[in-house]
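Chemist: If you want the building blocks of each chain, they are given just below.
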Amino acid sequence: MTAPHPTAQRPLVQVRDLKLHFPIYGGFFRRRIGEVKAVDGISFDIYEGETLGIVGESGCGKSTAGRAVLRLYEATEGSVTIDGVDISTLSQEALRKTRPMMQMVFQDPQASLNPRMTVAGIIGEPLDEHTRLSGAEKLARIYELMDAVGLNRDFANRYPHAFSGGQRQRIGIARALALNPRFIVCDEPIAALDVSIQAQVVNLLEELQEKFGLTYMFISHDLSMVRHIADRVAVMYLGKIVEVAPVSRLYDAPLHPYTEALLSAVPEPDPSLEGTKQRIVLKGDVPSPANPPKGCNFCTRCPKVMDLCRTVKPSTVEVAPGHSVACHLINQNGIAGRTGGHEAEHNQTHNQQGEVA
Amino acid sequence: MFTFTMRRLLLAIPTLLFIALVIFLLLELSPGDPMSDMPLTIPPEVRQQMRLALGLGEAWYIRFYKWLYLFSVVEPSHVLANMTGYDWLRVEGQRILSFQTRSPVADIIAQRLPQTLWVVGLSYLFGILVAVPIGIYSAYRQYSWFDQAGTFVSMVGFSLPTFFTGPLLILICSICVGWFPIISDTTLVVDSWANFLKQLRQMAMPVFVLTLYNAAQITRFMRASMLDNLTQDYVRTARAKGMTERIVVLVHVLRNSLIPVVTVIALGIPTIFTGAIITEQVFRVNGLGALLIGAIYGSDIPMVLTLSVVFAILIVLFNLIADILYAVLDPRIRYD
Amino acid sequence: MKRTMALFGAATALAMMPLAAHAERGASGHLNIIYWQAPSILNPYLSGGTKDVESSSLVLEPLARYNQNGELVAWLAESIPTVENGGVAEDLTSITWTLREGLLWSDGTPVTSADVAFSAEYCMHPEGGCAQAARYQDVESVEIVDERTVTVHFSVPKPVPYGPFVTAQSPIIQRAQFENCTGARAPECTDANFYPIGTGAFRVVDFRPNDVISFEANQNYRDPALPHFATITFKGGGDAASAGRAVMETGEMDYAWNLQLAPDVIATMAQGGRGVPISAFGTLVERIEVNMTDPSPDLPPEIRSTRAAPHPVLSDIRVREALSRAIDRELLVEVGYGQAGRPSCNLVPAPPIFRSDANDNCLEQDLDRARALLDEAGWVVGADGIRVRDGRRLTIDYMTSTNAVRQDFQALIQQWWREIGVEANLRNINASVFFGGDPGSPDTFQKFYADVSMYANNFPGTDPEAYLGAYRCGFEPRPETQWQGENINRFCDPAYDALHLQLAQTASIEERGRIGRELNDILMQNYIIIPLVDRGRLSAHSNTLGGVVLNTWDSELWNVAEWHRL
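Chains as they are written, first to last, in this note's numbering: chain A, 543 to 899; chain B, 106 to 441; chain C, 490 to 1055.
Honestly, the hints are just simulated from the structure, not real lab data. A portion of the hints provided could be inaccurate.
[Said to hold, decoys possible] To give an idea of the interface, some chain C residues facing chain B are shown, with a C-beta separation under 8 Å as derived from the structure:
1) T571
2) E573
3) G575
4) A578
5) A620
6) H642
7) S644
8) A681
9) F683
10) N699
11) V701
12) E705
13) R734
14) E908
[Stated by the list, open to error] Sample of chain C residues facing chain B (criterion: CB under 7 Å; computed from the structure):
15) L535
16) G740
17) E741
Just so we're clear, the structure is a prediction, and the values are computed from it rather than from any experiment. For every residue, glycine included, the Cβ atom is placed at its ideal position computed from N, Cα and C.
Using the sequences and the accompanying hints, generate a full structural model.
Modeler: Shown next as structure tokens:
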């Protein structure tokens, strides 16, 4: 892990109690009849130069959170401060002017590139808007960026459809880099790519981070990839962060039952160990974010559910420096002595492999 | 692209021949007689003589062959000669003659074309000019009052047929208020401001009726296409780049949304030429639509056949143009 | 009727007002005429359509024509030739016409007898397909006597020799213009057919087929003070309703031709106050033709609806009479034609000398008499109210062309017939098929695959000889004649034929009138034809247009030279 100790750094991004509720309209007059709590009060910091991984099942709100952080969605509540600027209260125009600082790499490289613009157009467009480069300078910058992401300069005048998935994602990255951002949200940047290409793209992101001193928020459901790239990891479930910890801590000693379940589903690269691995299989479906459970969001599926969980929402507790958990188990028991015992409690779910999402 | 175009053009020839034959046979088999307009006081043997004079005495395949020859060789030569001014291009001899007027069909079409182009063409143009901005804004502000109002108006334009809106407008604007004439003066030559104003006044109602109808259709298309594109990821990318909303909507979204709309518009262009049969009838705009319907009533076989085949050619041609436009506008499409 | 006469009177008086007489040519300015059927060609010899004949009558003129009373008046001729004045030969085989002196074509050249002779030659050319060939029937030759005189020789005695060169249907055309356009070349002369040179009050400036014609005053017109109007826009196309509206409601147009509209519609339009409807009666009679032959589809096609198969029901005169008695003609007029119709009991309703009054009992609807006739004929009322005889229901197939008024009539008559126990199956057929005469179509009025059919017919001019001649034996449509023929009813009575022959040989007008009435009465009293309505012509003119004299015997525009602005 390349990141220095978090505390030595100042936080570049501070997210406080961010909520994003999508209204649901219905009925004859299209009145508001409810809301989908896609992101329901999350708080975290991202330190300069580090990579924060966000993991969770699909539908847990991690992509929405990423977009809300960059204010591509208007947050319902909460604040996002990036490099000291509270972007949640900026006017649209002022926000637009701060966009060069924060960028995003999208999940679907095909859909996120305008099919009617050439590569040069896609990469160069933000330069038109935010800089005053001459034509030649702009072209030079475009070539520089294409070089940086490993694209052949000759392809500058081609359209996105002429490229492969990996190349398209490189275009997306080059575009994100065009304005020298400090913070990039990578929203499942490798999910749509072939496995063989995924590593290339992740390595490229790491190289670029080193080269340009970037700060990443890396959203993914691929736990092994996150383990590879992230410094710290936040686990989301149903719009809330249930556990945040430095990557080694989280993977080695997860505290939240949901984190445990997630980690148990990661395929074991060593086939000899694969057979011995015990999987925690969660039962039931994720509740609708429009109608989350009353107590802990995870109480409907938690293998260690207690009565308390069904009525009271757990608060987030920092159990160790940089390691916070929101679980009643932790609040009651502390962490001492629990690492040894938890496996025995899951015995009933053994040998039901492959059913964890 | 060139080979594609050539191949399509060549393939169109048998299609058009088949269309011509089908139309000819339909006309041939349909009951009705060019003499049915004539008063009953004309005795049967005179009618028979008149029929023979129209060339109806010959077998159908000979008549079809003759027509085909005239249509594909003689008439184009006259059209070409008229356009270039080189008289030597003309193939002398008989031309396709209308039963009703006994004059060359092509001359009458040439005479009627401007009126149709002015009224129907202008309303198509206005329709597009009105529809595109409304469609854009409706989609951008989906479910806003503007969108709701636009949807209402376009539903009205869609569902009220021109034979209803036309007479309604005549009743209100001509008979009650007296703003516009109900009979269009097709001999009017625009040579002064007064005449220009007159021309505007007589065109106002038919153009309005047709504009409403055309705009209704195109607005729906534009709106749907914009909505499709507004939710695309690349729009979010553009916003993330920090582009202004104007650029996001008018450059990114609009350009992509226009691809299907432009092809729909191109496909609709032949209908300008076929004229708005009903509207032309209602407002006495004697354009091609009125010509066609009159020819059908009068069993004027050469006129109906020629017009229908010309329309068929236009439709085939504009289908091809729409396909080519699609490829030009959308870099993802390639014909090879 | 009285009202019509009053209108005529007023109009005639206006036309003769001194004010109009000493106005200068063109002083009335511009005239707008609308015909809801648009003219396609301005050569009446190539098109028999009324719209074409009437629009060309602004330009082309005959030697003589009929006035509003159906009287022959000299037009380009000096006078009407008769046996009395020596213009018609004693043996009725020739007629000699003399042109007025000093007549000029609109291009300034003189009109000569060569032009007159040429007009006949043009129409009589066997390959020309002349629409007015019937007017030149039996013409053997047209002899040029001198510059201004021609003699028409007929192959048979012609008691009424006023076919050639009379009425707007057979005008004089200019030889110089049409010389190279005879026979098969006729349609190639588009210029001549669209811009004929004539002697009429106007000349064509711009002709747009099936759309609009612009005319201007003919500077070489024989009366230097006429026409009053300098220019005319003759608009064509659309429908009768909007034409009427344009004259009576918006005032855009000055004259609208032949407004075949429901009486209440006309009344509403007249309230517009900008114009008035005018009407006049001719010889057009809406009638039900009775099929004397069996149209049963069970018969082989060569026998069906031919005289080989007499009609099993309608051959009985009592049934035919009952059908006629059951009809309330007053109500039909009220519903369908209003001002433009009156009940008729005759096939020949005019001119007065040919109008019989022997059949006027049909004016009164008499259902009891109708029922009695059917009882007498052995038709007994069945359980459902429909009469039956020998197991056959009294059902009648009733065919007509598609037209709102005709469908109203069908419904009314169906109801009356129902009241006397006759069931009518209604059918209406698109006019272009019904009147189309296509031998391949089963739905033409000639083929008559129905028991009765309803339409209107009239005769040109004032003499019904040819019209009445249609009902002779041998003139019926049948397979051998490709279903062409005018004896639609397939009526055949040797006595009728003999009487008609007598008519053909009679020259005295009184005697002709007597025979004509008698022929009419034979048809009426046999109930071969059930006349319904004497249909007049209803047109409308603007309140500011004077001089209009509606004429049903010739072109409505016959006296357009005298029309003027009030």
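Chemist: Give a verdict on every hint.
Modeler: Hints, verified against the model:
Given the 8 Å rule on beta carbons, the hint for T571 (chain C) is violated: about 25 Å separates it from the nearest Cβ of chain B. At a threshold of 8 Å, the smallest CB-CB gap from E573 (chain C) to chain B is about 29 Å, leaving the interface hint violated. Interface restraint check: G575 (chain C) against chain B, minimum CB-CB distance 31 Å, threshold 8 Å, status violated. Of the supplied interface hints, the one on A578 (chain C) is violated, with its beta-carbon coming no nearer than about 26 Å to a beta-carbon of chain B, more than 8 Å.
Restraint check, A620 (chain C) versus chain B: the minimum CB separation of about 6 Å is within 8 Å; hint holds. Hint status for H642 (chain C) relative to chain B: violated, with the closest Cβ pair at about 21 Å, above 8 Å. Against a cut-off of 8 Å between C-beta atoms, the interface hint on S644 (chain C) is violated, since the closest Cβ of chain B lies about 16 Å away. For A681 (chain C), the interface hint is violated, since its Cβ never comes within 8 Å of a Cβ in chain B; the closest pair sits about 10 Å apart.
Here the hint on F683 (chain C) is kept, as its CB sits about 7 Å from the closest CB of chain B, short of 8 Å. Annotation: interface hint on N699 (chain C) holds; nearest CB of chain B at approximately 5 Å, less than 8 Å. Look at V701 (chain C): its Cβ gets to within about 5 Å of chain B, closer than 8 Å, so that hint holds up. With 8 Å as the threshold, the beta carbon of E705 (chain C) stays out of range of chain B, its nearest partner Cβ sitting at about 12 Å, so the hint is violated.
Because the smallest distance between the Cβ of R734 (chain C) and any Cβ of chain B comes to about 7 Å, under 8 Å, the interface hint for this residue holds. Restraint check, E908 (chain C) versus chain B: the minimum CB separation of about 32 Å is more than 8 Å; hint violated. Among the interface hints, the one on L535 (chain C) holds; its C-beta lies about 6 Å from the nearest C-beta in chain B, closer than the 7 Å criterion. A hinted interface residue such as G740 (chain C) counts as satisfied when its beta carbon comes closer than 7 Å to some beta carbon of chain B; here the least separation is about 9 Å, so the hint is violated.
At about 5 Å, the closest approach between the beta carbon of E741 (chain C) and any beta carbon in chain B falls short of 7 Å, and the interface hint on this residue holds.
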